[in-house]
Amino acid sequence: MSWLTDPWSTELVTRAGLELVLVGVLGGALGVFVVVRGLPFTVEAFSHTVFPGAVLASALGGSIIAGGLAAGLAAAIGIAFASRAARTSDETAVGVVFTGMFALGVLLASALGPLDHDISSFLFGDLLGVSRVDLVASTGLAILVIGVLLVLRRPLILGSFDRDVAAAAGMRPGAIDMILLCLLALAVVVAIRAVGTVLVLALFVTPAASARLVARRVGTTVATAIAYGVASGIGGLYLSFHADVAAGGAVVLVATGLFVVTWLASPRSGLLGVVQRLRTARPVPL
Amino acid sequence: MSRPLLDVGHLTVAFGAKRALDDVTFAAPAGCIVGVIGPNGAGKSTLFRAMLGLLPHTGTVDIAGTPAYVPQGDATSADFPATALDVALMGRYSATPWWRPLGRSARMLAEQALDEVGMGEHRNCTFGELSGGQRQRVIMARALAHGGQVMLLDEPLTGVDAASGRILQESMTRLRDRGATLLVATHDLNEAASTCDRLLFLNRRVMAYGPPEQTYTAETLSRTYDGIVVVSDAAGGTIRVLDEGAHHDHDHGHDQSHVHDHGDR
Numbered sequence: 001m002s003w004l005t006d007p008w009s010t011e012l013v014t015r016a017g018l019e020l021v022l023v024g025v026l027g028g029a030l031g032v033f034v035v036v037r038g039l040p041f042t043v044e045a046f047s048h049t050v051f052p053g054a055v056l057a058s059a060l061g062g063s064i065i066a067g068g069l070a071a072g073l074a075a076a077i078g079i080a081f082a083s084r085a086a087r088t089s090d091e092t093a094v095g096v097v098f099t100g101m102f103a104l105g106v107l108l109a110s111a112l113g114p115l116d117h118d119i120s121s122f123l124f125g126d127l128l129g130v131s132r133v134d135l136v137a138s139t140g141l142a143i144l145v146i147g148v149l150l151v152l153r154r155p156l157i158l159g160s161f162d163r164d165v166a167a168a169a170g171m172r173p174g175a176i177d178m179i180l181l182c183l184l185a186l187a188v189v190v191a192i193r194a195v196g197t198v199l200v201l202a203l204f205v206t207p208a209a210s211a212r213l214v215a216r217r218v219g220t221t222v223a224t225a226i227a228y229g230v231a232s233g234i235g236g237l238y239l240s241f242h243a244d245v246a247a248g249g250a251v252v253l254v255a256t257g258l259f260v261v262t263w264l265a266s267p268r269s270g271l272l273g274v275v276q277r278l279r280t281a282r283p284v285p286l
Numbered sequence: 001m002s003r004p005l006l007d008v009g010h011l012t013v014a015f016g017a018k019r020a021l022d023d024v025t026f027a028a029p030a031g032c033i034v035g036v037i038g039p040n041g042a043g044k045s046t047l048f049r050a051m052l053g054l055l056p057h058t059g060t061v062d063i064a065g066t067p068a069y070v071p072q073g074d075a076t077s078a079d080f081p082a083t084a085l086d087v088a089l090m091g092r093y094s095a096t097p098w099w100r101p102l103g104r105s106a107r108m109l110a111e112q113a114l115d116e117v118g119m120g121e122h123r124n125c126t127f128g129e130l131s132g133g134q135r136q137r138v139i140m141a142r143a144l145a146h147g148g149q150v151m152l153l154d155e156p157l158t159g160v161d162a163a164s165g166r167i168l169q170e171s172m173t174r175l176r177d178r179g180a181t182l183l184v185a186t187h188d189l190n191e192a193a194s195t196c197d198r199l200l201f202l203n204r205r206v207m208a209y210g211p212p213e214q215t216y217t218a219e220t221l222s223r224t225y226d227g228i229v230v231v232s233d234a235a236g237g238t239i240r241v242l243d244e245g246a247h248h249d250h251d252h253g254h255d256q257s258h259v260h261d262h263g264d265r
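So the protein lines, in turn, are chains A and B.
Quick note: the first sequence, position 182, residue 182 per the numbering used here, numbers continuous.
Quick note: the second sequence, position 23, residue 23 per the numbering used here, numbers continuous.
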C-alpha cells in the first residue's frame with residue numbers, strides 16, 4: 001500500500017495535494033453556476049485576461065498572483081458591464097476583450113525580456129511551486145466562496161432559473177452577477193497556479209458537468225461537483241506522481257475520465273440507460 | 001367599489017425616443033381578473049415589467065404588497081437542476097431571510113400550491129422532465145406559493161396543452177374568488193372576453209378599459225389591432241383577428257375548448 005502513502009511523504013507534494021483539494025472545492029462549487037448559467041466562455045476569458053497582469057507584475061518584481069488577481073477582477077467588472085450594455089452579444093464582447101488582453105500579455109512578455117519560470121508556470125501550472133502562503137490564500141478563498149454561495153444561495157438559484165422573477169422579488173440579479181463573476185475571477189487565478197491558464201477551464205466545467213448527470217437539485221449538484229473536483233485533483237496527483245507526468249494534465253485527464261465514466265453509467269443519458277430502455281421497450285415490428 | 005389593489009397612473013416607458021407605453025392609467029379592485037389584450041409589440045410585457053420595477057418608467061404604480069409574477073413561458077431555463085417542489089419553493093424565497101432554512105410551513109405552502117395545479121404527484125420530477133404545460137403549472141404553483149393579493153401573468157396560457165390550460169384557468173378563477181386581483185396578458189380574445197372581469201385594450205396607449213360587455217366591441221378591437229381585425233361577426237359571436245407577426249392567428253367561436261397546442265412537448 002506504499003503507493004498510496006508515498007506521495008504524501010514530502011512536504012512539496014503534500015502542499016500540492018492540499019492545493020488540489022482546495023481548487024477542487026472552488027472549481028466544483030462555482031462550476032455548477034458556470035454550467036447552469038452558460039459561463040464557460042467567460043471563465044476561459046478570465047484565464048486569458050489575467051495573463052498581462054501577471055506578466056506586468058513579474059516584470060515589475062511583484063507577485064504574479066497579485067498581478068493576476070488585479071487583472072482578473074478588472075476583467076470581471078468589465079464583463080459584467082459589457083453584458084449589461086447588451087448592444088453586442090455577451091460572447092462577442094468577451095471574445096474581443098480577452099483575446100486583446102492575452103495579446104497584450106504576449107507583447108509585454110516579449111518586450112520585457114524572455115519569459116521567466118514564473119510566467120511559463122502561469123501558462124502550464126506549477127503545483128510543486130505552491131507555497132504555504134499560496135495555501136493560506138487558497139484556503140481563505142475557498143472559505144469565502146463557500147460562505148458567499150451559502151449566503152446568496154437563493155438569489156443565485158432564482159437568478160439563474162428565472163432572472164425577471166428574481167429581480168421582481170428585489171434580489172438584484174445584476175449585483176449577484178457581479179459578485180459571482182468576481183468570485184470566479186479570484187478562483188480562476190488561484191486555480192491557474194495549479195494547472196495553468198491553458199487547462200484551468202476544465203476545473204470549472206468538467207466536475208460540474210459530471211455532477212449534472214447524476215444530481216437533480218442545486219444543493220446536491222454542488223456537493224457532487226465538489227466531490228468530483230476533489231477526486232480529480234487527488235487522482236491526478238497520484239497519476240502524476242507514479243507515472244511521472246505533468247500534474248496539470250493528469251488532473252484534467254482524470255476529471256475527463258470521470259466524466260466519461262459517469263456519462264456512460266448515467267441512468268438518464270448514458271449507455272446503461274440506453275441499454276435498459278432498449279431492453280424494456282416493446283419490440284417494434286419491422 | 002372596494003379600494004383598488006392595483007393602481008397605475010400615467011405610466012410611460014420610453015426606449016430612446018420611442019414610447020413603448022404612453023400614459024397608461026387604470027385601476028383594479030379586489031377580486032378581479034383584468035385581461036390585457038393587444039397585438040404583438042403593443043407593450044403588454046413592457047407594462048408588466050414596468051409595473052414590477054424592471055424597467056425605468058415615469059408615472060405611478062401602486063400595488064398592494066409584492067405581486068407574484070408568472071413570466072412568459074420561455075423565460076425559465078428548463079435545464080436547471082431543480083425538482084417541481086424546488087421551483088414551487090422558490091415562491092417562498094423572498095419571504096424567508098437568508099440565514100433561515102425554508103421551513104415546514106414553506107414546504108406546506110409549496111405542496112398545497114402544487115396540488116392546486118394538479119402537480120402534487122410530480123413534485124419530485126425535475127423541471128426539465130416535465131412537459132411544457134406541466135412546467136407552466138409548476139411556475140403557477142410558484143406564484144401561488146408566493147401568495148399575496150396581486151398576481152401578474154404574462155401570457156400564461158400560450159403554448160400550453162388543453163388540460164393544463166383548463167387547470168391554470170380554474171386556478172386563476174379560484175384566486176379571483178378569494179379576493180385576489182390578477183392581471184393576465186393573453187392572445188386569446190374570446191377566452192379573455194368570457195373569463196375576465198375587465199379588459200384592458202392596449203396598443204402603447206389604453207384603447208379601452210372596462211367590463212367585456214362594454215369594451216369587447218368590433219370598434220375597440222379594430223382600433224387596438226390597427227385595423228388588422230378583419231372580420232367581426234357579432235351575430236355569430238365569431239371574431240377573427242389577423243395578428244400580423246403573431247405565430248398564429250385566431251379563428252374560433254365561443255367554443256371554450258380552444259387549444260394552443262404548438263410549442264408544447
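These aren't lab readings, by the way, just hints derived from the structure by calculation.
Watch out, some of these pointers could steer you wrong.
Unchecked claim - Facing chain A, from chain B, some residues (calculated, C-beta under 7 Å):
hint: 1; residue: Phe-15
hint: 2; residue: Gly-16
hint: 3; residue: Gln-72
hint: 4; residue: Thr-76
hint: 5; residue: Ser-94
As the list claims (entries may be wrong) - Listed next, the stretches of chain A that the computed footprint assigns to chain B, with coverage defined by at least 3 CB atoms under 8 Å from CB atoms of chain B:
hint: 6; region: 124-138
hint: 7; region: 207-217
Stated by the list, open to error - The following label-pair restraints were derived from C-beta to C-beta distances:
hint: 8; chain 1: B; residue 1: Gly-65; chain 2: A; residue 2: Val-136; range: 21 to 29 Å
hint: 9; chain 1: B; residue 1: Asp-115; chain 2: A; residue 2: Gly-174; range: 45 to 53 Å
hint: 10; chain 1: A; residue 1: Leu-135; chain 2: B; residue 2: Pro-97; range: 48 to 56 Å
Virtual Cβ for every residue (Gly too), placed ideally from N, Cα, C.
Each hint tested on the structure:
no.	hint	in the structure
1	Phe-15	violated (13 Å)
2	Gly-16	violated (12 Å)
3	Gln-72	violated (9 Å)
4	Thr-76	holds (5 Å)
5	Ser-94	holds (4 Å)
6	124-138	violated (count 0)
7	207-217	holds (count 4)
8	B:Gly-65 to A:Val-136: 21 to 29 Å	violated (48 Å)
9	B:Asp-115 to A:Gly-174: 45 to 53 Å	violated (35 Å)
10	A:Leu-135 to B:Pro-97: 48 to 56 Å	violated (35 Å)
Violated hints for the displayed structure, listed by number in ascending order: 1, 2, 3, 6, 8, 9 and 10.
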